[in-house]
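Chemist: Sequence:
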Amino acid sequence: MYEHDVQVLVAGAGPTGLTLAIELARRSVRARLVDVAAEPFVGSRGKGLQPRTLEVFHAIGVIDELIAAGALYPRLRFHVGPLSLRGGSIGSAQAASEAVPYPNLWLVPQARTEQILRARLAALGGRVEFGVGVTGVTAGEAEVQVELSSGERVRASYLVGCDGGHSTVRQALGLSLVGRTLDDKPQRVADVEVEGLDRRDWHIWPLARGGPLGLCPLPGTSQFQLSGSESLHQRGIERAVQETTGHRVSALAWQSVYRPQVRRVERFRRGRVFLAGDAAHVHPPAGGQGLNTGVQDAYNLGWKLAHALAGGPPELLDSYERERLPVAAAVLGLSKTLYQTRSLRRGDATNQLALHYRDSALSSGDGSGSLRPGDRMPDRRLGDGSRLFDRFRDPAATLLVEPNGTRILVRPDGYVASIGKVDVSRYAGAAVNVVHG
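FYI, numbering that gives the first Met the number 0 numbers position 193 of the sequence shown as 192, with every residue one higher than the one before it.
Don't take each hint at face value.
List time: in silico DMTMM-like cross-link candidates among lysine to aspartate or glutamate, alpha-carbon distance up to 25 Å [said to hold, decoys possible]:
1. K335 / D183
2. K335 / E229
3. K420 / D393
4. K184 / E237
5. K420 / E265
6. K335 / D347
7. K420 / D365
8. K184 / E229
9. K420 / D347
10. K335 / D393
11. K420 / D378
12. K335 / E242
13. K335 / E320
14. K420 / E401
15. K420 / E314
16. K184 / E242
What follows is a set of in silico ranges between Cβ atoms, one per label pair, in the way DEER data are often shown [stated by the list, open to error]:
17. A329 / R208: 31 to 41 Å
18. R29 / R85: 47 to 57 Å
19. V423 / L370: 12 to 22 Å
20. G124 / E151: 49 to 59 Å
21. H3 / R392: 25 to 35 Å
22. R379 / E237: 43 to 53 Å
23. R85 / T137: 53 to 63 Å
24. R85 / R152: 53 to 63 Å
25. R341 / S91: 17 to 27 Å
26. R208 / G436: 58 to 68 Å
27. L71 / R341: 31 to 41 Å
28. A92 / A430: 36 to 46 Å
Hints listed in this document are in silico derivations from the structure and should not be mistaken for laboratory results.
All figures in this text were calculated on a predicted structure; none of them were measured in a lab.
Heads up, the beta-carbon is just placed ideally off N, CA and C, and yes, glycines get one too.
With the sequences and hints as input, model every part of the structure.
Modeler: Written as structure tokens, this is what we have:
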């Protein structure tokens with residue numbers, strides 16, 4: 000006997016699961032968000048927010064808080080013996096434009112990003128249930144039966160595993176992460192306070208004993224994110240930093256060990272169960288793609304689940320895997336290249352603004368200049384002086400009527416569905432937000 004019913008059960012309350020829960024809450028979907036961890040994450044791990052992710056966060060109503068919490072990436076300063084050389088930044092410092100209001104990689108510690116997303120979810124009436132994990136999954140044609148570590152048994156219309164690289168939901172589906180480990184040497188990341196170290200730069204000691212050591216200042220904190228090989232830290236983080244930098248570590252707030260990998264599942268969906276984020280694809284830190292790709296997964300899936308629950312056509316849910324799996328494969332390839340070449344070049348290659356769904360069954364019609372169905376819809380000033388991106392805060396699809404009469408239908412996730420002839424039938428009869436350009 001299953002005791003509780005819910006429309007969508009989301010497992011994992013990192014940035015992916017939180018974004019999905021917010022998207023469902025914005026559409027009045029009855030959902031639960033559970034996380035096996037006893038308390039919120041406290042580290043800086045995924046600290047880089049790409050321009051496309053910032054656009055998503057604009058739409059879901061948290062952009063002001065995230066901009067206030069972060070900063071542009073600092074410049075790199077390389078230390079070799081007594082010499083110190085200041086270089087460029089891995090992020091850009093471009094001016095915002097009408098089409099691209101957030102052109103730069105933005106530095107925000109992951110814990111702060113999650114805190115902001117939890118507050119937004121709470122404002123929408125949702126919450127995270129910490130200390131509750133998925134222990135069993137039985138997927139049927141009409142529902143998913145889920146057993147939780149709390150002892151509860153839940154019946155859900157859909158289950159989404161956003162529960163990380165060791166996903167219990169993925170394991171319950173019998174799916175494996177396929178790929179390879181890029182480096183057999185473990186890497187360590189930590190958040191530390193370092194006395195007297197200049198916080199204007201990201202400091203790197205490339206010839207440190209045991210391997211390169213990096214210290215990146217984290218905005219809104221007194222901490223640096225430390226990165227380096229595990230061998231460097233076998234003698235202790237505090238001692239390694241003191242010997243390498245000449246500065247003392249006054250506090251160690253968080254640390255983790257990982258092996259850089261590029262892996263993904265071959266299916267993002269099995270019936271009524273979906274995978275998103277690290278549960279579906281695992282990235283090395285190079286290029287700052289992992290967290291961002293997970294957020295994009297959630298933004299793609301959220302509106303589709305809501306429309307399916309409202310009676311929308313099946314191809315909406317079918318399109319999730321068909322759209323996101325090729326993206327994950329491409330992004331993993333990019334992350335692998337950046338890691339192996341140690342390239343510091345970023346910009347357009349990593350900002351995720353050019354990712355598209357042109358080959359999707361949801362994209363139809365002719366292009367309009369450089370804009371084609373399946374592309375990310377750029378921002379613009381409308382005839383009344385408002386911003387198009389502000390209209391995307393309405394969770395409905397948007398029909399943009401241009402002054403020349405051209406009609407552009409924009410999906411609820413900000414991608415162009417069609418240009419010219421517009422068919423809104425796949426949106427399950429939901430209201431379409433009509434704006435005039």
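Chemist: Look at each hint and say if it fits the structure.
Modeler: Quick rundown of the hints versus the structure:
1. Distance restraint check for K335 and D183: the Cα-Cα separation of roughly 14 Å lies within the 25 Å cut-off, and the hinted pair is therefore satisfied.
2. A threshold of 25 Å between alpha carbons decides the hint, and for K335 with E229 the separation of about 20 Å falls inside it, so the pair holds.
3. Proximity of K420 to D393 is assessed by CA-CA distance (about 22 Å); at most 25 Å being required, the pair is judged to hold.
4. The suggested pairing of K184 with E237 holds, with an alpha-carbon distance near 20 Å, which does not exceed 25 Å.
5. Pair hint K420 plus E265 does not hold up; C-alpha atoms about 35 Å apart against a cutoff of 25 Å.
6. For a cut-off of 25 Å, the pair hint linking K335 to D347 stands: about 17 Å separates their Cα positions.
7. Taken as a hint, the K420 and D365 pair is honoured in the structure, with Cα atoms around 9 Å apart against an allowance of 25 Å.
8. Distance check on the hinted pair: K184 and E229 sit about 7 Å apart at the alpha-carbon level, within 25 Å; holds.
9. With a C-alpha separation of about 31 Å, the suggested pair K420 and D347 falls outside the 25 Å cut-off, and the hint is violated.
10. A hinted pair counts as satisfied when its Cα atoms are at most 25 Å apart, and K335 with D393 does not qualify at roughly 37 Å.
11. Distance restraint check for K420 and D378: the Cα-Cα separation of roughly 21 Å lies within the 25 Å cut-off, and the hinted pair is therefore satisfied.
12. Simply put, K335 and E242 have alpha-carbon atoms about 32 Å apart, too far for the 25 Å limit, and the pair is violated.
13. At roughly 22 Å between alpha-carbon atoms, K335 and E320 fall within 25 Å of each other, so this suggested pair holds.
14. For the given pair, K420 sits about 13 Å from E401 by alpha-carbon distance, which is consistent with the 25 Å threshold.
15. Simply put, K420 and E314 have alpha-carbon atoms about 20 Å apart, close enough for the 25 Å limit, and the pair holds.
16. Note on K184 and E242: the hinted pairing holds, with a Cα-Cα distance of about 22 Å set against a maximum of 25 Å.
17. Between A329 and R208 the beta carbon distance is about 38 Å. The supplied range of 31 to 41 Å therefore holds.
18. Taking 47 to 57 Å as the suggested C-beta distance range, the pair R29 and R85 conforms, at roughly 53 Å.
19. Hint check: V423 to L370, Cβ distance near 19 Å, so the stated range 12 to 22 Å holds.
20. A C-beta distance of roughly 20 Å is found between G124 and E151, which places it outside the suggested range of 49 to 59 Å.
21. For the hinted restraint 25 to 35 Å between H3 and R392, the CB-CB distance of approximately 31 Å keeps it satisfied.
22. At roughly 52 Å, the beta carbons of R379 and E237 sit within the given window of 43 to 53 Å.
23. Evaluation of the 53 to 63 Å hint for R85 and T137 yields a pass: the beta carbon distance comes to about 58 Å.
24. With their beta carbons about 59 Å apart, R85 and R152 fall inside the hinted range of 53 to 63 Å.
25. For R341 and S91, the Cβ-Cβ distance of about 19 Å falls inside the hinted range of 17 to 27 Å, so the restraint holds.
26. For the pair R208 and G436, the supplied restraint of 58 to 68 Å holds, since their beta-carbon distance comes to about 60 Å.
27. In this structure, L71 and R341 break the distance hint of 31 to 41 Å, their C-beta atoms being roughly 22 Å apart.
28. Against the hinted window of 36 to 46 Å, the Cβ-Cβ separation of A92 and A430 comes to about 40 Å, which satisfies the hint.
Against the hints set out earlier in the document, violations occur for numbers 5, 9, 10, 12, 20 and 27.
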